[in-house]
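Enquirer: Take these sequences, add in the hints, and give me the full structure.
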Amino acid sequence: MRPEIAAKLAQLPPDERTLLRPLVHTTSRFYVAAGILAVIVLWGITAYVLQWRFGLGRTGLNRPEYWGIYIIDFVFFIGISHAGTLISAILRVSKAEWRRSITRSAEFITVLVLGFGAINPIIDLGRPDRLTNVFFHPHLRSPLLWDIMSICLYFTASTIYLYIPMIPDLAIVRDAGIKAPGFYRFLAAGYQDTPAQRARLERVIGVLAIVVIPIAVSVHTIIGWIFAMTLRPMWHSTIFGPYFVMGAIYSGIAAILIAMVILRRAYGLGQYFKPIHFDYMGRLLLLFSLLWFYFTFAEYLTAFYGKEPAEMRTFWAKVAGPFAVPFWLMVICCFVIPLALMAQRAMRTPRGTLIAGISVVIGMWLERFNIVVPTSVNPRWELETLGHYLPSWVELSILAGTFAGFVLLYMVATKFFPIVSIWEIKEGREESVRSVAERVGGYLPEPVAPSGGGD
Amino acid sequence: MTRWGMVIDLDRCTGCGACEVACKSENNIATVAPDQADMGRAFAWMRVMTEVTGDFPNTTMRFMPRPCMHCDNPPCVQVCPVGATYINPEGIVGQIYPRCIGCRYCANACPYTVKYFNWSVPKWPASERAHLNPDVSVRPKGVIEKCTFCDHRLQRAREDARVEGRELREEDYQPACAEVCPTGAIVFGDLENPRHRVQALKTDPRATRVMESLGTEPKVYYLVPRA
Amino acid sequence: MTPNRREFLWTAGAAAAAAACQLKDYQWSTPLEQEGWAPGIEERKSSVCLVCPARCGIRGRTVDGQLVRINGNPLHPMSQGGLCPRGVGGVQVLYHPQRIAAPVVRAGARGAGQWRGISSQEAVALLAQHLGALRTAGRPERLAVVAGYCAGTMDELWRHFLRAFGSPNYVTDEYPDGSDAVMALMHGIPRRPGYDLENARLVLSFGAPLFESWWSPVQAFVAFGGSAAKPSRHGHFVQVDTRFSRTAARAHEWVGVPPGTHGVLALGLAYVLIKEQTFNADFVARHVTGFEDGVDAAGRPLAGYRSLVLRNYRTEEVSAITGVPVERIVALARAFAAGPGAVAVCGSDVLHAPDGLLSGLAVHSLNVLMGNISRPGGVLFGDDPPLAPLAAPRLDAVARAGLARPPVARAAVPFGTGDPAPQFAAAAAKGGGAIEALLLYYSNPLASAARPEDWRAALEHIPFVVSFSPFLDETARFADLVLPDLLPYERWQDAPTPPSYPYQVWGLAQPLVAPPDKTLATADALLALARTLGGSIAPSLPYADMPTLLQARARGLFAAGRGMTLGDMFERTHYRQMEERGWWLAEQPDFDAFWKATVEQGGWTDLLYDGTDPARLARTASGHIELMPETLLRALRAEGKDRQPYAALRASATPAATGTAPFPLRLVPYRLSTLSSGTIHLEPWLAEQPSLALDVHWLPWIEVHPTTAAALGLGDGTMVWVVSARGRCRARLRHFPGTASGQVNAPYGLKHPSGELANPLQLLDGATDPLTGLAAWYSTFVRLERA
Ligand SMILES: Nc1nc2c(c(=O)[nH]1)N[C@H]1C(S)=C(S)[C@@H](COP(=O)(O)OP(=O)(O)OC[C@H]3O[C@@H](n4cnc5c(=O)[nH]c(N)nc54)[C@H](O)[C@@H]3O)O[C@H]1N2
Ligand SMILES: Nc1nc2c(c(=O)[nH]1)N[C@H]1C(S)=C(S)[C@@H](COP(=O)(O)OP(=O)(O)OC[C@H]3O[C@@H](n4cnc5c(=O)[nH]c(N)nc54)[C@H](O)[C@@H]3O)O[C@H]1N2
Ligand code: SF4
Ligand code: SF4
Ligand code: SF4
Ligand code: SF4
Ligand code: SF4
Ligand SMILES: [Mo]
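Protein chains in written order, with the numbering used here: chain A, 83 to 537; chain B, 9 to 235; chain C, 32 to 818.
In short, the hints are calculated from the structure, not lab data.
Just so it is clear, the structure is predicted and the values come from calculations on it, not from any experiment.
The reader is advised that the hints may include incorrect statements.
Said to hold, decoys possible - If you want the footprint, here are the derived chain C segments under chain B, 3+ residues with CB under 8 Å:
#1 87-100
#2 120-133
#3 476-484
Note that the Cβ used here is the ideal one computed from N, Cα and C, for glycine as well.
Expert: Next up, the structure:
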């Protein structure tokens, strides 16, 4: 880092100093990591070029296994995307003060992963060149179309929701003058942090926080409906909407946890991501692992209890058939491990939550797999031959490419934007102690006035 | 109101597969390489499905020629984001190949798994292009296809009938599979027209439809074998 | 000579074709761009399907002169507008990528795949030069013709040519199945039986793959479809088979039996008929000899059919041998006897067994017992259409000398035509110049023969080998000259229905598309060759071309004063009824109109069958149907093992019911109803999905019962070698519960991508039925090895 920049950085108050450091100082480890990821991304792109040229024949897909890795990733990524916006919005709305240092990193996950979620169904198209037909010949009865709309909406909303609360920080960077002044002047949009501006900002954020929640819920509900609206065994289920939303938030929380741990280590943000944060997030994770079990149990019990032959073929294929391994692995990753770990306070540490988080992320990917594939290969008509699915190297490369791409972009983002909201931290220090005291006061009954004596 | 439909007498079908091949020939259906076929990428708009039960010598086999059911309430049409699969006023469920974006949602929505996807560019040995039927377009890479009730024949038949200034007769419009069946197992016509055999056959005590409970209202009826 | 450019192209082209085995073509061919397509001039013409021996009527739809669709010809009385899948897929035969459309001569070592293109005139000249040399050298008999199945005028043309040329060496595969031998013995009618399936009340088929590769599957389909419309129990199909074939699957009932026990089961039924007195005693009394005990020609006492059956085929014993439960046997027999119109159909494979002829007699004896001969729904003996004969060949001295010499392959069998091809190969393989020129027509022995090594040796000893195959098949690749025939949809040919269809139908195949101008239909090539050879041969075949020849023969039909050009159901019934009342009137005023109608409608037919004519029951010396034919008794005595007809089967059926180490499994080869040639994938649409019961594609497979396979530790889908004492072939093992345990069902005709043909017939132990000379197809045992 150039000396004058270092000097400038030194003059800044402590919060700014630590939180802006990543923007100007980059370790060689970062470059190495970025390099490796970039290579994987390029590899994925090559694979896709092949697929574009020769068609989906290059995948392991077939009849009746029409949907595979791409659709799984689609559902998975969009699920992860519920991390930020939803979590941070809920926390904001519920005035959870401990949120202040987490929200930004979460919102970034949302915006970035959403993109990768959205391209997967396009990669899955037989005719990506005709994508625009969706706008020229929209067929409004198709859940797929609802989905396209809700994803676009969600993307815009969450981008705005990421940007607006970032304006004060952008202004800080601008004023610190440590990096590309023009760029930040433009983004900061003349924000001077006057009380009036601050008030307006707070109001807008308040409104946004409320608006994005239903949008986020709608997105994954509709993804659930894409499956539920078909008559396929173990897809045609009414709880798929809520089931998917719950799963989405679950994987989202896990993703944030992983991000927090890494950021904490990489940028030494120890005092911003404190044990208490991991404790609270761990509790959330615990709650959702129970919710997940509840939903999953309900889903499979109803299928099983009905004993509808077609349903049962798929059911057994998952529980005790060719898909038993991914199925039980899913149960272990989504329920057993997180429950076992997060149930004990001693484990709700960075390390504990990291393990739990990773296991949940893997588990949720498997859940998407167990939803998409077993049903596809078990056609409803018993005379139809059973399908089989072995993803091709093209699919796996693209899978790797998208994951790498996401991580890479996230890393780069931390180089341009403070990954912890500086002003909110400050505000926290200045305001919240008082406001919380007042609020708590507000909950309590008014002290009773002593009655005057009379003679 | 015309509603085109089919009645297949399972008491007659010998599973010879002439209908399959007639369909392939009429509708320019491509063959795929062995490895592709093993992967489950072979096409058969009409497929004689079978179920073998019991061990030698007590083995039995069920045959079931399976075209598209041309559901009156077709799930495939519901879900298509671009309306590339549609149902026309006479109940024929068709495909618009140039519009299909290849999402395969319809294929997943079809409870009868009758839809086939062009995973790669359909290939023909140069010499074999000669026998392609000019009435039926060859599908490009990446789109869905399926039985169309040979509706290109309907258009022809209509024109002819109009030219001759008479109404359409049952024999004017017969799909390739029905035309070729050597046992006369496939009967095709207007389910609403008393002058067409299907109209009576569809109410035969032996008549059933596949997965009627789903409410898809298939227009392909099967006459179950007599005991 | 230095290869010119044309030659080079050919070398490349032909080599490519030879190398690119069918599969490759379908993998690597280029995609299709459809620019500038517009429906063009459309035409529909009648013809006949020549893809298999059944000869169904077809109607081709051409657009701008190219054949796009093949439909059934509703006017054809046998197929009635129906077709089997192979017939429908014929367009893929016509436009097959491996088709060669111009003559080529060998330009390198034999089999090296180097060719030089020549004109058809040059080709004929070359033929004339080589064959002429044989005649001038006074060795005409050293010319041999090996022809695959070719009925009708084409067959007679070859025979005429060879007679005029002076060679007795005509080896033809008439799809020998021995049934003609059975009829010759019992009825004195050396002709394959026809079956009136359409009117039969009960069809009891012994291994005949009625719905698969039978003489005429479509005849069976039409009958079966019709039966569904009739009141129940009428047109009831029962299939006796050694594997769960598609015919067995579709028949109303099926009876699984071990290979080689069909005859025993038949006599088991006869036992019940006799015991319960339900056979047609009156008919037997009036028309049948050999039923009761008696004395033979030499006056020795002779046990009759009745006592032989009663003595040897007690139901329990039959049940023990065939594995069919006693009550089932009794029930079958009762159903068979329940009234007229029950017919027992003898599968060609019944006779492809060590005691095939005796089994054949046993099966047919059921029809005799019920007197179901020349009756509606029974066994009928049709006649050939009344065609005008070919001009008699003129024999010069050379020809007479040549014909006087013995043929290389003497059909040295007591009964029937036998199967001369293997003998021929064996003899020619010895060399010694017995054969100097060989013409192969519709024949690919290097791939199809049970002993291809004999054929390879034979070809090596024969200096001049010519193939007329339009495909560069295994044998053609080994030839010196390939003068490719036109394909079925390009040439004129007459196509009488096979004997299984008892009524007279003379189908006429006409070109549906314009033939390539570079080559000749083999018939025309032959006529041209005769002209070029000149001498006494030219006047022996005085026909400009095939159409002229066919017209000349059709005059016979026109003059016959009966029958009709093909017409719809109404016309057919109308004419039949007229003829039954002794009436007939000509549809057309003159021959030209008659010929025009015949061409347009696809042929000529006469549906009158006079069952009252005694000559349609028996033409034996005794004028009776003989259950104990003297000639047969003599032949059996000659064996010196004092075996008696019928009785003998019991002994021969029991042994080796199961195999022993090192070959524990029984091999049951069968023909796929989906393959139109035994040796090349002519129709990708069918090769892609060749089986109904199994999800298999293109490549050779075998069927084994899951438990048998499990015992061998072979999972579904493993590549295995099927090994017999004779050799081995590679195929994918598939589990199939319809296979008897300890049995390997092996479909034949499929190829590996390398072009390697998995031909189970090449594993056969070589056993034959000495009485008919037919190979035993189901007496070979094998083991399986992981490949
Ligand atoms: N598709 C097609 N059909 C054809 C031909 C063709 O090229 N393609 N060619 C024609 C020719 S040349 C011929 S020779 C025929 C061959 O056709 P067939 O002579 O009918 O022989 P396969 O079709 O092999 O049928 C053999 C059947 O006999 C059964 N079988 C096995 N063991 C025994 C036994 O011991 N006794 C009896 N009775 N049956 C047994 C088998 O299970 C099998 O079902 O097909 C003719 N039809
Ligand atoms: N693998 C295998 N071997 C077999 C059999 C089998 O089915 N499969 N069947 C056995 C039996 S029963 C028999 S009868 C023999 C039959 O054996 P073949 O008589 O050799 O019959 P195919 O094998 O059908 O070969 C016929 C050849 O004729 C050629 N051909 C096709 N169309 C035409 C045409 O229009 N004109 C001319 N001139 N030639 C044409 C093709 O090149 C084809 O290779 O094989 C026996 N061996
Ligand atoms: S053609 Fe007719 S008999 Fe043959 S499989 Fe099709 S429906 Fe059945
Ligand atoms: S069968 Fe399937 S494809 Fe055909 S109409 Fe019904 S749902 Fe659509
Ligand atoms: S694959 Fe084509 S037809 Fe089917 S739903 Fe998608 S766009 Fe519509
Ligand atoms: S109706 Fe036409 S498209 Fe449909 S299966 Fe029959 S032949 Fe094929
Ligand atoms: S049975 Fe033989 S002749 Fe008839 S259609 Fe099939 S292949 Fe052609
Ligand atoms: Mo044969």
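Enquirer: Each hint should be assessed against the structure and marked as holding or not.
Expert: Here is how each hint holds up against the structure:
For a cut-off of 8 Å, the count of residues in the segment 87-100 of chain C with a CB near a CB of chain B stands at 5, and the three-residue condition holds. Against chain B, the segment 120-133 of chain C contributes 8 residues with a C-beta closer than 8 Å to a partner C-beta. That satisfies the three-residue criterion, and the hint holds. Chain B is given as covering the segment 476-484 of chain C, and this is violated because 0 residues of the stretch bring a CB closer than 8 Å to a CB of that chain, at least three being needed.
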